[in-house]
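Construct the complete structure from the given sequences, taking the supplied hints into account.
2 protein chains.
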Amino acid sequence: MRDVETAVTAAAAAATDFDGLGRAGRAELLTAAAHALAERRDDVVAVADEETRLGPNRLHGELTRTCYQLQLFAEVLHDGGYLGATIDRAGDTPAGPRPDLRRMLVPVGPVAVFGASNFPLAFSVPGGDVASALAAGCPVVVKAHPSHPRTSRLCADILSSVLPPGTFSLVAGFEAGQALVQHPAIRAVGFTGSTAGGRALFDLANARPDPIPFYGELGSVNPLVVTPAAASQRAAEIAAGFVGSMTLGTGQFCTKPGLLFIPAGAEQLRSALAAEVAAVEAGPMLSDAIHRAFVDEVATRRTDGRLEVIGTAAAEPGERAGAAVLFRVAAADLTATHLQECFGPTAVVVEYGSVAELVEALSRLDGQLTATLHSGADEVALVAQLVAQLRQTAGRLVFDGYPTGVAVSWAMQHGGPYPATTSSAHTSVGATAIARWLRPVTYQKAPQWALPPELRDAPPEPLPRRIDGTLELPGR
Amino acid sequence: MRDVETAVTAAAAAATDFDGLGRAGRAELLTAAAHALAERRDDVVAVADEETRLGPNRLHGELTRTCYQLQLFAEVLHDGGYLGATIDRAGDTPAGPRPDLRRMLVPVGPVAVFGASNFPLAFSVPGGDVASALAAGCPVVVKAHPSHPRTSRLCADILSSVLPPGTFSLVAGFEAGQALVQHPAIRAVGFTGSTAGGRALFDLANARPDPIPFYGELGSVNPLVVTPAAASQRAAEIAAGFVGSMTLGTGQFCTKPGLLFIPAGAEQLRSALAAEVAAVEAGPMLSDAIHRAFVDEVATRRTDGRLEVIGTAAAEPGERAGAAVLFRVAAADLTATHLQECFGPTAVVVEYGSVAELVEALSRLDGQLTATLHSGADEVALVAQLVAQLRQTAGRLVFDGYPTGVAVSWAMQHGGPYPATTSSAHTSVGATAIARWLRPVTYQKAPQWALPPELRDAPPEPLPRRIDGTLELPGR
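Taken in order, these protein sequences are the chains called P and V.
Taking the numbering used here, the leading residue of the first sequence gets 63, the next gets one more, and so forth.
Taking the numbering used here, the leading residue of the second sequence gets 63, the next gets one more, and so forth.
These are calculated hints, taken from the structure and not from any lab test.
Don't take every hint at face value.
[As the list claims (entries may be wrong)] Capping the alpha-carbon separation at 16 Å, the derived lysine to aspartate or glutamate pairs in EDC-like fashion look like this:
no.: 1; chain 1: V; residue 1: Lys507; chain 2: P; residue 2: Asp462
no.: 2; chain 1: P; residue 1: Lys507; chain 2: V; residue 2: Asp162
no.: 3; chain 1: P; residue 1: Lys507; chain 2: P; residue 2: Glu523
no.: 4; chain 1: P; residue 1: Lys507; chain 2: P; residue 2: Asp519
no.: 5; chain 1: V; residue 1: Lys507; chain 2: V; residue 2: Asp162
no.: 6; chain 1: P; residue 1: Lys507; chain 2: P; residue 2: Asp162
These figures come from a predicted structure and were not determined experimentally.
In structure tokens, the structure reads:
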């Protein structure tokens, strides 16, 4: 593991100076990285398409998103609120005298990031984990996903061309990944991938003599619930929307809805779903391994006596093509295996006989990235009950929409109770993703010059701060 | 474990209504709890003194701090900024259209708290973990520390008298603690105690089918560094301050400085330290077990050929009395065992021959709650170098002061890299301790009535919110 040692040693050596660049300095670097990627747009998309077959349209969109993500973190740095800068001036309190205390978040140090297979750009080498860690001031060592090695290398070269030496490195291979998680100088890990792989690395991180945070996004079935009123009022629209969401990216999104709860006897909705699935064109899956896993899982489900096929894609499947298939099950027959994630264009439709039966089934769900509710205008009490139940398991609640499509923004939450993520208090998408790479430090009675600029009496770049308990905004 | 099952079941049943009380409702309860404790002040102090021998003065102070802590969290609730309420209105972005997204923190659900031995009030049943969890909206089940069972019971009865049924319970016993950490309905754990005990429970929490966050405060030696200038300019003052801090509470504080780095040849400082230690009166330790561990550890250190005793308390030791003792070692002879925490009134003085030797020794430290630096006015470059090094291991940096005394305030950080705490991103003291019991949820395209009040267009109780990327304060 000489590569890992070299990369981590360089990262550790670069950490203090990288932090020392400050918010403005790092914001410039993120903007430069976004520009550098955009300049090489055609090369990046071409290589990524060769390796993933996701198609130029999707990949151009993903690159745009990736550049925007880098820019968002530059904005987060300019704002500065993420630091939680807090100053308590010396004084007396009912619990005794208090010294001058000044607290803010500081980078944790070098971190490791594991790229995902299904977003070769936005959740891989130049993706959200890397962007947020660099923004935080943490040097990053990325473990490349084996499904797109050349895309990873190209993106790494582009990032390295603008970043200070040591602050970004790429390593590859299963053993390199394990060595990274166990390396004493690595202070946190970001991961997007399977529940099995993520749990194994999570366990490694926690078994260290000094456990470190492991931020893994693992698995989610993203339940979608249709109430009786919605089923009768919007059957065709929901069927089209659900199947579109389920088959987007050939069902290989972490937010793919894999469970659909509909009222028993909603014949119109059920047949609309079957018709929509029949019309889906089979797209190529990301890799032979993923394709094989999908085909095997569908075959297993076909032999499950409780499941009934209610729709299959009619189109002739091509090479490593994922042909959509929809199963149904009565809520009373639901087992734990039906509630598990299956990567690819398939879902289980659960038919519930009563609200009590629906709520009971929902209470058996594992943690989820998202939960979606389609309801009618007159179902206020029912919606309140279902939201209270779903909020216990999910990080994002979608109303009358679909879970695929994760906006990069300030208010996004992409995370949830295990196994959706290993740390439900955090997100891997959106502005607050930066919080994973920071820890608080309080300076007690420090002289002005020994403080980080953000905690000095007059900070050179204004930011929101809480002073003696009151939040204050810059320039007010 | 029928007690655990009863307590957790009641907590789970109470969770939704407790959250539904809202910030104002829970702030009222915290204030009521503070008043109820203050009303029973004499009873609480009397029972705690019988069990811990900490003395009425210290215990009255600790109760005052405990009540103030409850009030601080009421203030945190009124402020509302801790929720991180964020609204992104629907619109177009460079990465595509964005739906209406509204994010805030919500309670994780029922939590478990393990009381500490050394603060029977402020870090036990009515302490900071419980106060912050209740503020967050999480029902709490406390596992009582066996060293003060009657104090725990009395405080539990007082809290239960003002809190809604199910939101607070007390259980006792080693097995109850393990069962709590493993109970499916428990969503997070707070712990203050030994590294061995904390690590065992941390491992249990992570071995669950669904791992949950374990916020443990374990061990810290709290290094204190004296620069050459400080040693020559303020020898007497530093010796008195250090020995006072080391022996406060008979050396049984988690912030006790257990390592003192001084320049080799600082004879004046060394002899002042010896004189101060000789004058310390031996106080009673918290329990027979803690006393025995202290005596054993001191005996082991006395047989360590690298360590030399430079001062011992002259006073006749009484029953379970901890007699202060100070060792010295040359930095070149420092081993890993010298760097480990030893509960009780003892410390190791490390004499460094050069700044390089000092920095090398500091780089070998484990994670710390605090690190303290005493320096002279002309040592700006040296201080910068030492602060950069110490910040990598500690959560609080104390300048020309002493680490004991942890203010309850907005800017306090009481946590650090492992083993100081199991999660360096969090604190167990101060306003932000509430963050341990919360997780973010984003509402996508939710109707106004389905949103928590804090995310509605017009929140009934104003709070700081970030709207379309801009932080806004109430009433501005």
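- Message: Need the list of violated hint numbers for this structure, in ascending order.
- Response: Violated: hints 2, 3.
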